[in-house]
Amino acid sequence: MRIQILGTGCPKCKELTRNAEEAVRQLGVEATVEKVENVAEIAKFKVMFTPALVVDGEVKAAGRIPPVAEIVSMLAGATGQQEK
Numbered sequence: 001m002r003i004q005i006l007g008t009g010c011p012k013c014k015e016l017t018r019n020a021e022e023a024v025r026q027l028g029v030e031a032t033v034e035k036v037e038n039v040a041e042i043a044k045f046k047v048m049f050t051p052a053l054v055v056d057g058e059v060k061a062a063g064r065i066p067p068v069a070e071i072v073s074m075l076a077g078a079t080g081q082q083e084k
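In my numbering, the protein residues as written are 1 to 84.
Calculated directly from the structure, the hints in this document are not laboratory data.
A hint or two may mislead.
Claimed, not checked - In silico BS3-like pairs for lysine-lysine, Cα to Cα no more than 25 Å straight-line:
#	residue 1	residue 2
1	K14	K60
2	K60	K44
3	K12	K60
Unchecked claim - Listed next, with one range per pair, are the computed distances between beta-carbon atoms:
#	residue 1	residue 2	range
4	F45	G77	18 to 28 Å
5	G28	M48	29 to 39 Å
6	T32	G9	17 to 27 Å
7	A40	A69	25 to 35 Å
8	F49	R18	15 to 25 Å
9	E37	E58	11 to 21 Å
10	P67	G28	28 to 38 Å
11	E58	N38	15 to 25 Å
Note that beta-carbon positions come from the ideal geometry of N, C-alpha and C, so glycine has one too.
Take these sequences, add in the hints, and give me the full structure.
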């Protein structure tokens, strides 16, 4: 699983990165959390506001910071796993 955090390194982007990393830890899935800070790369996802959360190429949230529990649900759905 590939998780991308779209943003230019602002405090909200850092918080979303922490939440995503914690969700991966809680769910116990194999995943890479990657920061995408290049504006041209971010634009490819057609998001209007950052930070944004992308899971396996699909934008799951933009312009907000989903809490850890919500990200766990997103990841569980993407993997077909049950939440722990």
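> In ascending order, which of the hints set out earlier in this document are inconsistent with the structure?
Replying inline: Structure breaks hint 10 only.
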